[in-house]
Each structure stands twice: as structure tokens, then as C-alpha cells.
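Asks: As a plain string of letters, each chain reads:
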Amino acid sequence: MTDTIDRSDEEAPEVLPRLVVRFAGDSGDGMQLTGDRFTSVSAAFGNDLSTLPEYPAEIRAPAGTVNGVSSFQVHISDHDITTPGDAPNVLVAMNPAALMADLGRLEPGGTLIVNEDAFDERNLEKAGYTANPLDDGSLDTYRLIKVPMTSLTKEACAPLGVKPRDAERSKNFFALGLVSWMYTRPVDPTLEWITAKFSKNEQVKGANEAAFLAGYHFGETTEAVGHRYEVRPATLPPGEYTSVTGNTALAWGLVAAGQLAKLPVTLGSYPITPASDILHELSRHKNFGVRTVQAEDEIAAAGVALGAAFAGHLGVTTTSGPGVALKSETTSLAVSLELPMLIVDIQRGGPSTGLPTKTEAADLNIAMFGRHGEAPLPIVASYSPVHCFHAAIEAARIALKYRTPVILLSDGYLANGSEPWRIPDVSELPDISVPFATEPNHTDAEGNPEYWPYLRDPDTLARPWAIPGTPGLMHRIGGLEKQDGSGDINYEPDNHGHMVALRAAKIAGIAADIPPATVQGDPDADLCILGWGSTWAAIDAAVQRSRRGGRKVAWVHLMHLNPLPSNLGEVLRGFRHVLVPELNSGQLARIVRAEYLVDATPVTKVKGLPFTAREIEDRIEEVLS
Amino acid sequence: MSDTAVSLTSKKDWASDQEVRWCPGCGDYGILQAVQQLMPELGVAPENTVFVSGIGCSSRFPYYMNTYGMHSIHGRAPAIATGVAVARPDLHVWVVTGDGDGLSIGGNHLIHALRRNVNLTILLFNNRIYGLTKGQFSPTSELGKVSKSTPFGSVDPPFNPLAVALGAEASFVARTHDLDRHHMMETFRAAHEHRGASFVEIYQNCNVFNDGQFSEITRRQARDEMMIDLHHGEPIRFGVDGHRGVVMGSDGQLRLVEVDDVGEDALLVHDAHREDPSLAFALARLSHDDHSPTPFGIFRSIDRQEYAGAVSTQLATALEKSGPGDLAELLRSNGTWTVG
Ligand code: SF4
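Heads up: the protein sequence lines correspond to chains A and B, in order.
In terms of the numbering used here, the first sequence opens at residue 1 and continues consecutively.
In terms of the numbering used here, the second sequence opens at residue 1 and continues consecutively.
Just to be clear, a hint being listed does not mean it is correct.
Taking lysine-lysine and the DSS-like style, the derived pairs with C-alpha atoms no more than 27 Å apart in a straight line are [stated by the list, open to error]:
| # | chain 1 | residue 1 | chain 2 | residue 2 |
| --- | --- | --- | --- | --- |
| 1 | A | 163 | A | 197 |
| 2 | A | 197 | B | 11 |
| 3 | A | 200 | B | 321 |
| 4 | A | 163 | A | 262 |
| 5 | A | 126 | A | 607 |
| 6 | A | 262 | B | 321 |
| 7 | A | 262 | A | 200 |
| 8 | A | 126 | A | 146 |
| 9 | A | 126 | A | 200 |
No lab work stands behind these hints, which were simulated from the structure alone.
This one's a predicted model, so the numbers in the text were calculated from it and none came from an experiment.
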């Protein structure tokens with residue numbers, strides 16, 4: 001096939017250690033699909049990679065405007081990487097709006113591939129250009145490659161009898177073909193994918209194939225494009241790999257948690273960006289015993305999860321910030337009922353509707369404190385797309401073992417970003433099953449056996465979990481304060497104080513059941529970076545660079561935010577400087593200061609975007625120089 | 001956990017050891033008695049029965065039943081009960097709610113549980129007042145209600161609970177009242193036996209904050225002339241010796257008539273099984289106040305797909321088609337490649 005085109009007369013591609021490509025176009029241009037294909041092919045080729053999709057909040061933002069620009073950035077490399085890259089090396093701009101929106105991100109002197117057909121007066125005006133940047137010399141500092149993608153696509157599709165209007169829709173495949181040639185990506189996987197994906201529509205299939213090959217051949221035959229580059233496969237540890245987004249990994253983690261707990265999973269969820277994909281994914285896996293209820297609202301979704309938990313399932317609800325606020329009352333009830341339940345928060349820009357499609361990590365405060373009364377609960381945070389899988393299992397483990405609601409934090413960046421994953425051996429995943437109560441656990445005044453729903457395990461302080469259908473263990477629980485042990489309603493002041501303390505002690509005690517904080521990098525450094533969540537990728541890159549540059553830097557990354565690892569205070573006190581990079585205004589920094597009286601300095605960014613490694617590296621320099 | 005081998009229970013098996021704490025004279029006592037007396041007759045086991053409630057006087061109910069139970073949060077009982085029912089279609093799940101809990105703060109959950117037709121038996125204690133918070137008007141209080149929060153009379157027109165339920169496509173809709181244990185038991189029995197969401201409005205007297213709201217209809221001496229008993233397949237008539245009846249005019253309006261004036265054949269025959277809810281709706285709206293003849297009994301009882309069962313069926317079908325889920329396979333479902 002085309003893959004075997006004789007290139008013997010060509011010079012060999014130049015080898016690059018890494019490459020960041022950004023595909024940008026109108027929301028209707030299929031940029032997410034294009035980026036996704038480029039990613040899959042690179043993954044299969046053996047590159048390490050990391051992706052960052054960005055799309056507008058409006059489903060159909062006005063075509064051709066900067067607000068309607070959708071883009072997909074992918075970082076591929078021949079070595080271990082964690083971030084989607086700071087500045088793209090290549091920007092593919094399908095129209096003037098995409099150029100306007102994303103040119104500022106392109107590295108100085110970077111490669112700029114534009115669809116020059118789209119640079120007509122109307123589109124230029126809609127994007128806010130007064131002169132055509134392709135002609136006015138303003139792009140001279142870049143390596144500009146102008147390609148009439150729309151007309152070439154139409155031409156390529158004409159022999160198939162595809163109407164020009166329909167053919168135009170395939171221009172993203174032309175772009176993909178061209179970039180595939182430039183960066184020496186194999187062709188067959190994409191052709192196979194097109195065949196499978198569009199098997200139901202011969203014409204669309206044919207048009208996409210034709211456009212893709214036309215783009216590829218255009219690169220091959222046109223001098224304008226210049227020579228080719230190659231990013232060799234990464235030397236990843238041997239094994240079987242797949243590529244996952246954070247949301248897929250999280251959904252699979254929930255399925256796994258059900259299997260590992262030997263419990264059916266019931267998800268109550270209400271559609272919300274960027275969490276809906278978890279609902280979609282879980283809805284497909286009914287043969288795992290996963291039930292999904294698309295509830296009437298966020299509150300009901302939490303109610304369904306809690307009801308299912310009472311009935312003996314692993315009850316889960318998935319949402320984003322505004323939904324967490326709505327679920328707060330039910331979560332507090334779960335704290336009082338002491339039932340296991342997972343609340344998954346895929347954080348996005350807030351407050352309110354905020355930036356629904358952009359990332360942020362500003363829900364730590366609501367996770368920590370966003371309930372009425374004294375209602376502490378454990379918080380687990382995932383730090384990479386792949387880690388979402390393990391974080392889901394860990395959150396479920398804690399919820400089940402301690403009979404408590406647990407909040408699992410992820411964010412839009414992890415949710416939609418993807419990376420290669422060496423598939424774990426499922427037999428090595430932990431057993432997180434817990435027994436249900438089957439027998440009475442107490443004797444009443446007359447010596448008859450009875451069941452006390454709040455008689456605790458002395459080690460974990462967890463109460464027993466007796467599920468409906470179990471004879472002899474009928475009991476009533478509720479939101480009113482109850483007597484420890486019997487669970488009877490009790491309004492006594494001392495009992496309330498006792499119960500508040502007990503519920504807090506139960507959560508605090510989990511610190512003994514999670515790994516201690518470990519210091520990566522240089523333990524003898526003056527500076528320690530304290531991170532949590534998706535900042536992991538940027539911190540990792542920044543710490544590596546600073547250390548390569550001769551700086552000593554230590555790094556602690558938290559996966560448990562409540563309770564915090566028991567040694568954290570001691571660890572942090574060992575450093576002169578503690579920097580806390582967060583995609584919020586300093587929420588963890590404040591907690592750490594309050595908890596340990598450590599002079600932690602927040603490094604904040606609240607722009608709906610992840611940190612670049614450079615931003616963190618610069619702060620490290622600032623502190624150490 | 002099947003109920004087939006249930007040994008016979010008696011009323012006391014269904015009563016918990018908790019002291020009942022409603023105000024003396026409250027209509028809730030009568031409802032509790034009716035439910036506790038009915039349960040042994042249903043042939044179900046206490047351990048397979050769950051009562052879920054929200055917040056309000058009525059919502060104390062689960063504490064008094066020796067079953068599994070949850071006294072949850074205001075308005076949310078239908079949502080939580082949906083979770084119980086979806087997880088465990090083998091259980092008998094009851095929801096106890098009130099006019100404030102079910103129609104105000106929890107209105108959304110109630111209508112959606114009814115729309116989905118989740119297998120729940122929903123008892124709505126309607127006393128037309130907020131009792132637990134000591135006497136504010138409720139969403140079923142009549143317009144102009146003078147209450148603690150409406151000293152000049154409320155300007156809120158009320159909901160008609162049955163009309164709300166019918167509008168939400170409820171498959172079983174009935175009304176009973178707290179002074180007739182037998183009628184309550186028969187209505188609850190039918191509600192329990194119905195597969196899907198059954199909605200029962202119970203006229204309940206709050207003798208502390210809204211005493212006598214329904215007494216013009218439900219007191220013993222008034223019942224004959226004020227209560228219209230609905231029986232499926234029978235002409236709708238009431239009054240001493242059934243001298244009055246209901247007819248449907250050519251305009252579709254229901255009217256109360258003297259049977260002697262129109263003849264028995266002209267009377268409307270009740271049909272609770274009609275797909276079309278308009279007859280049930282018209283009957284639900286026959287009376288607009290608590291001073292005129294009011295229908296009781298089963299307004300509507302139709303068969304349609306039950307939600308939790310449908311969810312289970314999808315699971316069973318998937319299991320049959322694809323076999324039990326294999327985690328290792330799932331993790332490879334996006335395509336894989338091998339390194340090394
Ligand atoms: S306030 Fe009314 S409804 Fe509530 S318990 Fe007392 S009498 Fe019953």
C-alpha cells in the first residue's frame with residue numbers, strides 16, 4: 001500500500017527527540033478527530049505522548065470566529081514525557097480565526113501550516129484581521145507553509161462524484177495526510193481506521209481516504225513542504241500498551257473497583273461538561289453489572305448513588321463543580337449515614353458556569369469544606385490520565401472500608417488528555433472487598449440478639465454495613481443525630497459532641513492506611529515543590545529541567561488530600577522553601593499553612609489552562625537564585 | 001431473598017421498638033396503624049421491605065417500621081428510593097412523603113420517579129400545611145390561606161397532587177384518607193401490588209396547625225354525601241343510596257347530577273385502566289376545594305414498563321450477549337501495541 005512508497009531517492013528524515021503539533025480550526029472542521037488520529041498513530045508507532053484538546057463551550061459557536069476555534073495539541077517524543085508541551089513546534093491553522101487564536105502559542109520560528117483557501121476577506125474579517133497575514137509579511141519569522149487545502153481536497157474527491165460542498169468537509173483529513181507525511185507517520189493505520197469508521201457511508205469513506213492520501217502525496221511531491229522529520233519510538237518499559245484519556249481511565253477504574261470489591265456498581269449522573277464521558281463510558285459496560293441512571297438533576301444523581309449504597313452497591317455519582325455544590329446536602333447525609341459513596345468531580349473553570357470546557361483545580365475548598373455542619377470526608381486526587389484508573393480504585397477502597405463518602409478530584413485537562421498506558425496485570429490489582437453484616441452484633445436488655453447499625457470496628461471506626469434482604473438486621477438510619485452504637489435518634493449535647501469527634505477521628509485515622517509522603521528529586525534541596533492533581537505533568541518537566549540545570553529541587557506530589565499523609569508536616573518543615581503550584585488561588589497552600597504552620601508559597605494560575613513547565617521552572621529559578 | 005418462603009408475620013413484627021412521636025391526635029397515627037396492619041397480609045418479609053422518607057412530620061414514618069429504612073433529606077426520598085430500587089429490584093420499596101416534602105422541595109424528584117415508573121409505593125400525606133416547621137402554608141394550601149408566613153392570606157394557588165401525578169404520567173394514582181383504615185388498607189394493597197410507581201394521596205389531618213381541613217368531607221356524618229367512591233367498571237355514584245352521580249357532558253366536563261334526573265345509564269362508568277389519562281385527570285379535578293364532593297379510590301392503574309426491571313433486563317441482555325465482563329479485555333478495548 002501507500003506505506004511502501006519508494007523513498008529511496010529522498011534524503012532520510014531528520015530525527016527529532018520530541019515534537020509538539022497543534023491542530024486548530026473551526027469547531028466544525030474536525031480538529032479533535034484529526035488530533036486524535038495523529039495521536040493514535042503515534043501511540044501505535046511507539047512514541048510517548050501527551051495531549052491537550054481544547055474546544056469552545058458553545059456547541060456551535062459562530063463559524064469562522066475566534067470564539068469558535070477548536071484545537072488539539074499533541075506532544076510526541078522518543079522519551080518519557082508528561083505534558084502536552086509548552087509551545088507547539090507546529091501549528092496547523094485551518095482558518096484565520098485559528099491563526100488569530102493560536103499563533104501566540106507557536107514557538108519562535110516554528111512551523112506554520114495554513115489552509116490558504118480559508119483566508120478570504122469574509123473569514124479574515126470575522127477573525128478580526130484588517131490585512132491578510134499571509135501576504136503582509138507579519139509571519140516572516142515563522143516557517144510558513146501555505147496550502148490550498150480546501151481546493152485540493154475538492155479536486156481529490158471530484159473523481160468519486162462527491163459534491164464539492166461535501167468534499168470540503170474532508171479537508172481535515174488532507175491536513176492529517178500532510179502532517180503525517182512531514183512527520184513520517186505510518187499511513188496504513190489511518191486508512192484502516194477510516195475504512196472501519198465510515199463503513200456505513202461509502203461516499204464519506206471515499207472522500208476522507210482521498211483527502212488523506214492527497215495531503216500525504218502533496219507533502220511528498222511539493223517542494224514547498226521541505227524535508228521530513230521523524231520522532232523515533234520511545235524506549236518505554238516493555239509491555240502491552242494502550243492509550244487512554246483520563247475520563248476513560250476513570251470509568252474503567254470504577255468498573256474495576258466494582259470487580260475488585262465484588263459489588264455491582266450503580267452510577268447516578270447528570271450530564272455536565274467535562275464529566276459526561278464517564279457516564280457515556282459506564283453506560284456501555286452493562287455486562288460488568290454496571291447500572292447507570294441519568295437522573296433528573298445533580299441532587300437526584302447523588303441520591304441514586306446513596307440509595308444504591310444503602311442497598312449494597314458501590315454507589316457512584318460523577319459531576320463537575322456546579323454539580324458538587326448541588327450534591328453537597330446528600331454528601332452530608334452520607335457522612336451522617338456513614339455509607340460508602342463516591343463523588344467524582346471533574347473540575348473545570350468556575351465559579352458558576354465559568355469556563356465549562358477549560359481546566360481548573362479550584363474545587364479543593366469545596367471538596368474539603370463544602371458541606372454543612374462538621375462533615376469531614378476523604379479526598380483522593382488523580383494526577384495523570386492513567387492515574388485516574390488507580391485513583392478510582394483507591395477512592396472506592398477508602399469509601400468501602402471506612403463507610404464514608406469520598407470525593408475523587410480530576411480535572412478537564414486530565415479528563416480529555418491522553419497518554420500511553422502499560423496495561424496493568426489485573427490479577428495484581430488490590431482486593432478491596434468488604435464483608436456485609438450478616439449476624440446480630442448486640443444483645444438487648446432481655447438477652448435477645450439485635451443489630452446495632454453504629455457499633456463500630458474499633459480499628460477503622462467503620463460501622464457495620466447490613467443490607468436490605470438480610471433477615472434479622474432490619475434497621476433505620478437517617479440524618480438526625482444518632483446514638484453511637486444503637487443508632488437511635490439522640491439529641492443529647494454530649495452524644496452529639498462525641499459523634500462529631502468520632503466521625504472526624506474515623507477520617508483522620510485513614511492517614512495510617514495511606515502511603516506516607518515521599519520526596520522525589522533531591523531530598524537535601526532547599527526548595528520543595530508540593531503539588532497535587534494534574535500539575536504533576538508540568539511540575540515533573542520543570543523539576544527535571546531545573547535539576548538538569550544544576551539546581552537541587554525536591555518534590556512531593558499528593559494523591560490524598562484528606563487526610564494528608566501523616567508525615568507531611570515533618571517532611572515540609574525540612575525545607576527552607578515550599579512552593580505549591582495550583583490551578584487555583586492557593587487552596588492547598590492555605591490548608592498546609594493552617595495544618596502545619598509551614599510557610600508555603602502558592603504558585604497560582606487561574607486562566608482555564610494548565611501550567612506550562614516553563615512557568616514553574618521560572619518560579620524555581622526565582623526562589624533559588 | 002425471595003418472599004415465597006416467608007413465614008407468616010403479624011402486625012407486631014412490623015412495628016419497631018421506637019416510641020411514636022407525632023402530636024397526640026395526629027392523622028399520621030391512623031396511617032401507621034393501617035400500614036402496620038396491612039403488611040402481614042401482603043406476604044412479604046420485613047427484611048425485604050424498605051421505607052424511605054424525606055423530611056417533615058410524615059417522614060418520621062420509617063423509624064416506626066421494623067423494616068430497613070432511611071429517613072433522608074428534604075424532598076429527596078424518591079431519588080434515593082430510585083437508587084435502592086434500581087440496585088435491588090427484589091426489594092419492596094415504599095416512599096413516605098408529605099405535601100411540602102413531595103410537592104415543593106422534592107417536586108422534581110417526585111415527578112421523575114413517576115415518569116420513569118420506578119417500582120415504588122409512594123404515600124403522600126397531604127395535610128395542606130407545613131407541620132414540622134410549625135405552620136407555614138404549603139403547596140397544597142388553598143389560595144388565601146392565613147398561616148404564620150402568610151398573615152394576610154397566601155397568594156399562592158395550590159397544586160392538585162393527583163393532577164400533578166397524572167401529568168407526570170403516573171401509572172397508578174389513588175386517594176384515600178386517614179379516618180378510614182379499611183379504605184387505606186385496600187388502597188395501599190392495590191398500590192403495593194401495582195408494578196411501577198404508585199402514587200397515593202392521603203388526606204391527613206394536622207390537628208395542631210390545620211385542624212379539620214378535610215372534615216367537611218371525611219368526618220363520618222359527611223362521608224355519604226361528600227365522598228365519591230371510585231370502583232373500576234362501575235357507574236360513579238354517591239350519596240345516601242347512591243342518589244347522586246357523575247356524568248360527562250358533551251363538552252367533556254364532568255358534572256354532579258341527581259341520578260333520578262338523568263337515569264342510571266347516563267352515569268359515567270369509571271375506567272381506571274384507560275391508557276388515556278384524561279378521565280382520571282377530570283376526576284382528579286372534579287373538586288377544587290374541601291367543601292364539595294370529592295372522589296376517592298383508584299383513579300388510574302395501567303400497565304407500562306417498569307424502570308428498575310427495564311434496567312435489569314438490559315443488564316441481563318448484555319450479559320447474555322457478551323458474557324460476564326472481563327476486566328483485562330476491557331483495558332484492551334481501545335486497541336493496544338506492544339513495546340519490547
Ligand atoms: S404538626 Fe401536625 S402533622 Fe405534624 S405531627 Fe403534629 S399534628 Fe401531625
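Asks: Look at each hint and say if it fits the structure.
Replies: Hint-by-hint comparison with the structure:
Annotation: proposed proximity of residue 163 (chain A) to residue 197 (chain A) holds, straight-line Cα distance about 21 Å (limit 27 Å). The hinted pair formed by residue 197 (chain A) and residue 11 (chain B) fails the criterion: a straight-line CA distance of about 63 Å is larger than 27 Å. For the given pair, residue 200 (chain A) sits about 23 Å from residue 321 (chain B) by alpha-carbon distance, which is consistent with the 27 Å threshold. Between residue 163 (chain A) and residue 262 (chain A) the CA atoms are separated by roughly 55 Å; this puts the pair beyond 27 Å, and the hint is violated.
Proximity of residue 126 (chain A) to residue 607 (chain A) is assessed by CA-CA distance (about 25 Å); at most 27 Å being required, the pair is judged to hold. A threshold of 27 Å between alpha carbons decides the hint, and for residue 262 (chain A) with residue 321 (chain B) the separation of about 21 Å falls inside it, so the pair holds. Between residue 262 (chain A) and residue 200 (chain A), the direct Cα distance comes to roughly 39 Å. Violation of the 27 Å bound is thereby established for this hinted pair. Between residue 126 (chain A) and residue 146 (chain A) the CA atoms are separated by roughly 20 Å; this keeps the pair inside 27 Å, and the hint holds.
Between residue 126 (chain A) and residue 200 (chain A) the CA atoms are separated by roughly 36 Å; this puts the pair beyond 27 Å, and the hint is violated.
Checked against the numbered hints above, the structure violates hints 2, 4, 7 and 9; every other hint is satisfied.
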